[in-house]
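A.B. asks: What follows is each chain in one-letter form.
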Amino acid sequence: EPEVTQTPSHQVTQMGQEVILRCVPISNHLYFYWYRQILGQKVEFLVSFYNNEISEKSEIFDDQFSVERPDGSNFTLKIRSTKLEDSAMYFCASLPGVRSGANVLTFGAGSRLTVL
Amino acid sequence: GQSLEQPSEVTAVEGAIVQINCTYQTSGFYGLSWYQQHDGGAPTFLSYNALDGLEETGRFSSFLSRSDSYGYLLLQELQMKDSASYFCARLKDDKIIFGKGTRLHILP
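As you go down the protein sequences, you meet chains A and B in turn. Per our numbering, the very first residue in the first sequence carries number 1; after that it's consecutive. Per our numbering, the very first residue in the second sequence carries number 1; after that it's consecutive.
Some clues are possibly wrong.
Capping the alpha-carbon separation at 20 Å, the derived lysine to aspartate or glutamate pairs in EDC-like fashion look like this [said to hold, decoys possible]:
#, chain 1, residue 1, chain 2, residue 2
1, A, K42, B, E9
2, A, K57, A, E85
3, B, K100, B, D39
4, A, K83, A, E18
5, A, K83, A, E44
6, B, K100, A, E59
7, A, K42, B, D82
8, B, K100, A, D86
9, B, K100, B, E9
10, B, K92, A, E53
11, B, K92, A, E59
12, B, K92, B, E5
13, A, K57, B, D93
14, B, K100, A, E85
15, B, K100, A, E44
16, B, K92, A, E56
17, A, K78, A, E68
18, A, K42, B, E5
19, B, K92, A, E44
20, B, K100, B, E5
21, B, K81, B, E14
22, A, K57, A, D86
23, A, K83, A, D63
24, A, K42, A, E59
25, A, K83, A, E59
26, A, K78, A, D63
27, A, K42, B, D39
28, A, K83, A, D62
Just some of the chain B residues that point at chain A, by a computed CB distance under 8 Å [claimed, not checked]:
#, residue
29, S33
30, A42
31, P43
32, F45
33, F87
34, L91
35, D93
36, I96
37, I97
38, F98
39, G99
40, G101
Simulated from the structure, these hints should not be mistaken for laboratory data. Built from N, CA and C at the ideal position, the CB exists for glycine as well.
In isolation and in its complexed conformation, chain B is listed as follows (with noise of 0.2 Å):
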């Protein structure tokens, strides 16, 4: 059990706050990462959790609950610059997993 659900889409107007969620399965679980993607880009760090509860980091918060399993990246006041494909990803054994990522689209 190593996989990583994440929604494929969500959209949210700009100046809005979206949440993003990632469900994963427990089995040697160390932390809960964050990416952010660019299209064209590669990803770059964002958040983690290592311990139940929000981390922040300006804008951008991420969650974690490991009695359910899941974690969220929470972005507020979102700007057009934060169209991008964010990815959750987990700690297994000695590499780095992810999500199949969640293409975020921002309407003005």
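So here's chain A without its partners, still in its complex pose (with noise of 0.2 Å):
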């Protein structure tokens, strides 16, 4: 069955770091996305991205966030200067099509993130 794939599975850095956040959604898919989940918190949506641009964002999503689709397959999310409070698992997702039916978004396995 087809899956989103995200690297790294955990990585630690020191505040004030950049970081970079990778994923391989579905081939086939259409809408990419980026949520975040603070532990023991609800799935907080980042980020909307289709047709090669960003579609929507968050409050979350300020000026020390970017994301990226540099080639056919991958999605990044960059963190220019991370700070202790996003520390958070990091979920990438992506959906066929939107208003196609079901929204079944599949998620990625997820990227812990801890900013020391």
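Using the supplied hints, reconstruct the complex from the two chains, each of which is provided in its own coordinate frame.
C.D. replies: The structure is reproduced here in structure tokens:
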């Protein structure tokens, strides 16, 4: 079964450092997402990406964050200068097409970011 | 108005039936989804309702009432492996947003 792949599974970094989280969405999917989940809390939307550009972003997704689709398969989330409160699980997800039947998000296994 | 409201925790006994409710704000509503998340895992899709009524998938069913802006997930014949968090979710513009999740505790 097709899956969304994320790397690394766990990253530990120092406050102020740059972090890049990588995702390979399902190949024929059109919409790509990053979500964040602080331990024990809800899954929070960060950003959606369609047709090689950001289609929507949340208040959390400030200037420290950026996303890229550098080639036909990878989808990256960059945090420019990490803060302690960026410590969370980051999930990548993809969707075949919006408003086309069940909106079934397929999530990757997540990248746990720990900022010290 | 995008928020989804669901109880934070529910406790039930193995073998029983449990219902997890979700209310939502109606602006731009297309349908309601349910996801399951085990500790340390990723959310996985369970069910979706675009229209009023019940959708059944094995032991899990989901119900939607658009006139009441309300839905629920029904889990039957509870098993210990059903202990997880359950999130209702909805499409809003080009994003899918989640409720805060309901932690289901199952007692033997």
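A.B. asks: Between the alpha carbons of K100 (chain B) and D39 (chain B), is the straight-line distance 20 Å or under?
C.D. replies: 15 Å, holds
A.B. asks: Holds or violated: is the Cβ of A42 (chain B) closer than 8 Å to a Cβ in chain A?
C.D. replies: 4 Å, holds
A.B. asks: Taken at face value, is the distance from the CA of E9 (chain B) to the CA of K42 (chain A) at most 20 Å?
C.D. replies: 13 Å, holds
A.B. asks: Does E53 (chain A) lie within 20 Å of K92 (chain B) when you go C-alpha to C-alpha?
C.D. replies: With a Cα-Cα distance of about 18 Å, the restraint between K92 (chain B) and E53 (chain A) holds, given a limit of 20 Å.
A.B. asks: Quickly compare the C-alpha distance for K42 (chain A) and D39 (chain B) to 20 Å and report which way the hint goes.
C.D. replies: The hint holds at about 12 Å.
A.B. asks: Run the distance test for K42 (chain A) versus E59 (chain A): straight-line Cα separation, threshold 20 Å.
C.D. replies: 16 Å, holds
A.B. asks: Can the restraint linking K57 (chain A) and D93 (chain B) be considered satisfied, given a maximum Cα separation of 20 Å?
C.D. replies: Holds - the C-alpha atoms of D93 (chain B) and K57 (chain A) are around 11 Å apart, at most 20 Å.
A.B. asks: Using the nearest Cβ pair, does S33 (chain B) come within less than 8 Å of chain A?
C.D. replies: Cβ of S33 (chain B) sits 6 Å from chain A, so the hint holds.
A.B. asks: Tell me if the interface restraint on D93 (chain B) is satisfied: Cβ within less than 8 Å of some Cβ in chain A.
C.D. replies: 6 Å, holds
A.B. asks: Could you grab the alpha-carbon distance between K83 (chain A) and D62 (chain A) and see if it respects the 20 Å cut-off?
C.D. replies: 12 Å, holds
A.B. asks: Would the pair K83 (chain A) and E59 (chain A) pass a check requiring their Cα atoms to be no farther apart than 20 Å?
C.D. replies: 16 Å, holds
A.B. asks: Hint validation: F98 (chain B) versus chain A, beta carbon distance must be below 8 Å. Holds or violated?
C.D. replies: 4 Å, holds
No hint from the list above goes unmet by this structure.
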